[in-house]
Amino acid sequence: MVNEALYPLMLLSISALAVPVVSRVGESFKFPKLRDFFSAAVLFLALFTTFSLTSLTPISYRVEVFGGPYGVELYVSTMSVYISVISLTMLSLVAFYSIKYMEADNGLDRYYTLLLTLATGIVGVTFSGDFFTLYVFWELICISSYTLVSFQKYRWQAVEGGIKYLLMSTVGSLIALYGLSLLYGVAGTLNFSALATIISQSQHAVPNMTLYAIVVMIVVGFGVSAAVVPFHSWIPDAYVGAPNCVASLSTVVLKVAAFNIVRGLITVFSPLSFDYGLILICLGILSMTLGNFFAIMQRDIRRLLAFSSVSNMGYIFAGLGVGAYVINHYGSQATYAFEVAMVGVFLHMLNHVFGKGLLFMAVGNLSQPTKSYSISKLEGIGRKMPMTGLSASVGLLGLGGVPPLSGFWSKLFIISGAASVIVDPVLAVTLAFLVFNSVFDAAYYIWVFQRIMFKPVADESRPVTEVSAFMWTPILLLACLLIVVTIRLDFFVTFVQVALRSLFGG
Amino acid sequence: MMYNILVVFTFLLISISIYCVTTKKNIIKTVIGVEVLTSSINLNFVIMGAHDEYVDALAQSFAIISIAVGASVAALALAMVINVYRHYGKVDWDALRRLKW
Numbered sequence: 001m002v003n004e005a006l007y008p009l010m011l012l013s014i015s016a017l018a019v020p021v022v023s024r025v026g027e028s029f030k031f032p033k034l035r036d037f038f039s040a041a042v043l044f045l046a047l048f049t050t051f052s053l054t055s056l057t058p059i060s061y062r063v064e065v066f067g068g069p070y071g072v073e074l075y076v077s078t079m080s081v082y083i084s085v086i087s088l089t090m091l092s093l094v095a096f097y098s099i100k101y102m103e104a105d106n107g108l109d110r111y112y113t114l115l116l117t118l119a120t121g122i123v124g125v126t127f128s129g130d131f132f133t134l135y136v137f138w139e140l141i142c143i144s145s146y147t148l149v150s151f152q153k154y155r156w157q158a159v160e161g162g163i164k165y166l167l168m169s170t171v172g173s174l175i176a177l178y179g180l181s182l183l184y185g186v187a188g189t190l191n192f193s194a195l196a197t198i199i200s201q202s203q204h205a206v207p208n209m210t211l212y213a214i215v216v217m218i219v220v221g222f223g224v225s226a227a228v229v230p231f232h233s234w235i236p237d238a239y240v241g242a243p244n245c246v247a248s249l250s251t252v253v254l255k256v257a258a259f260n261i262v263r264g265l266i267t268v269f270s271p272l273s274f275d276y277g278l279i280l281i282c283l284g285i286l287s288m289t290l291g292n293f294f295a296i297m298q299r300d301i302r303r304l305l306a307f308s309s310v311s312n313m314g315y316i317f318a319g320l321g322v323g324a325y326v327i328n329h330y331g332s333q334a335t336y337a338f339e340v341a342m343v344g345v346f347l348h349m350l351n352h353v354f355g356k357g358l359l360f361m362a363v364g365n366l367s368q369p370t371k372s373y374s375i376s377k378l379e380g381i382g383r384k385m386p387m388t389g390l391s392a393s394v395g396l397l398g399l400g401g402v403p404p405l406s407g408f409w410s411k412l413f414i415i416s417g418a419a420s421v422i423v424d425p426v427l428a429v430t431l432a433f434l435v436f437n438s439v440f441d442a443a444y445y446i447w448v449f450q451r452i453m454f455k456p457v458a459d460e461s462r463p464v465t466e467v468s469a470f471m472w473t474p475i476l477l478l479a480c481l482l483i484v485v486t487i488r489l490d491f492f493v494t495f496v497q498v499a500l501r502s503l504f505g506g
Numbered sequence: 001m002m003y004n005i006l007v008v009f010t011f012l013l014i015s016i017s018i019y020c021v022t023t024k025k026n027i028i029k030t031v032i033g034v035e036v037l038t039s040s041i042n043l044n045f046v047i048m049g050a051h052d053e054y055v056d057a058l059a060q061s062f063a064i065i066s067i068a069v070g071a072s073v074a075a076l077a078l079a080m081v082i083n084v085y086r087h088y089g090k091v092d093w094d095a096l097r098r099l100k101w
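Each protein sequence line maps, in turn, to chains L and R.
Mapping to this note's numbering: the first sequence position 59 is 59, numbers consecutive.
Mapping to this note's numbering: the second sequence position 44 is 44, numbers consecutive.
In short, the hints are calculated from the structure, not lab data.
Ideal placement from N, C-alpha and C gives every residue a C-beta, glycine not left out.
One should not assume that every hint holds.
Unchecked claim - Examples of chain R residues toward chain L, derived with CB under 7 Å:
#, residue
1, N4
2, V34
3, F45
4, Q60
5, A77
6, L78
7, N83
8, H87
9, W93
10, L96
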């Protein structure tokens, strides 16, 4: 009997190996798109398989080769299911979008193999029960996404963005791995649940400096891949180099990196006894503010979206920091504020993945007639492409945090977490920055929105028509999803709360 | 006591390789720096698993898997360096400054 936790992993990894075979079969039947439909179908199937694990959680699967209980472990909590369902939704829609968008490229069997290995890595990272399994699957994600970013290697932008991304992110992951090796030396295990008890018991036996050094290494290491500000310089180049469908996948990779940090910090180094909230708050404030300031200076819409990703990762880090800071300084009386901030963080992950993924695909559609990504060339095109324009407006307004849409609510959760203890100077400053940046965000998103939708078209001579249905359906679905999240916010908040508790359970 | 010396030694190796990664102008030298970084971290894992009476097999299996992962990253990095050379005619960080705005 195979453990349930292995179903999505085995499905995805075996299909990844099967894609070249399917590709050959499709070519022999004069239907080369067979592999495209195959991969999209596999990703949808994996999405449902993962979602069906919700009722079975927590699932634990141990490979007891070395050292019994401290060996390799897969552990599926509700939070793992939450993150992997978000990611797989995005991945399957991107696979569907690529059927048409990547049509003209060659070597597509490799493209779909990489897409499936990326999915395997994401599911593996969220399902892992110890740090080393997490690291191995994390490298699987990284290698797939480096290759996907520089997939169109005949373009110099792809090569330049890809190698910058590769070297920065690899060094980051290695720094995190160094932290993990030190952690192994301190605790003698890398299993999350075992580490949590060992660290809390041995806190006075081990010098605090070592433990804080490990915390900093984990934050910095995964922070490079999460594109927080001192380490963000790869992200605009990589997004310009990548095909648009891959750029919308990269938002998923950012969230998984942030999830690794949450796993490491909240589960292992309990915020009750470690005071790292301030580090995260500083990183968050820096990313929000600088990300927004760089974003308004850009002329290329992909770079604008990339810097806006930096600022959105800033909200996520600030929310994490607020949660950790509040619970460290005000103890159990601040549990409510902690929970509000963390719910905000995880809802914002969902909103940002769907919103930014939508926008990158929509930009891919909008740029089809002019083949240009500069914002001035895209003016007014949204009206000529009703489906894409409509979905893009939902994405733009949602990410900008315009009130009825879901982006507003997740930011509000983070802000109200920071506002809960207003007398504290650190939280007051954070609150000021959060409010300032939310307004700033809304301002430039509305500005982009009106330029794309309402300005007169720059070049009337060129005929502009709506793109193929393969390319607007996934975007429209994502826009509908964002609206569903807004309407059924109570359901999602409850789900995230349950998932949060599962994070502490193991 | 000996383990402490070894840990300090790997820390020095890691510092040297990070210095190499951050300052070298040639991309191949940067990739070499990344390789030294990988190896020194693997060394650190093995040291962390070494005790006076016995050796921790888990730490060594971590190191072996990490070597495999590092090798694939290095292969990918060098493949990209070849592509950089095809597009830019040299392997130099100064050449890779075309992406702006």
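Going down the list of hints, with the structure as the test:
1. N4: violated, 11 Å
2. V34: holds, 6 Å
3. F45: holds, 5 Å
4. Q60: violated, 9 Å
5. A77: holds, 6 Å
6. L78: violated, 11 Å
7. N83: holds, 5 Å
8. H87: holds, 4 Å
9. W93: violated, 9 Å
10. L96: holds, 5 Å
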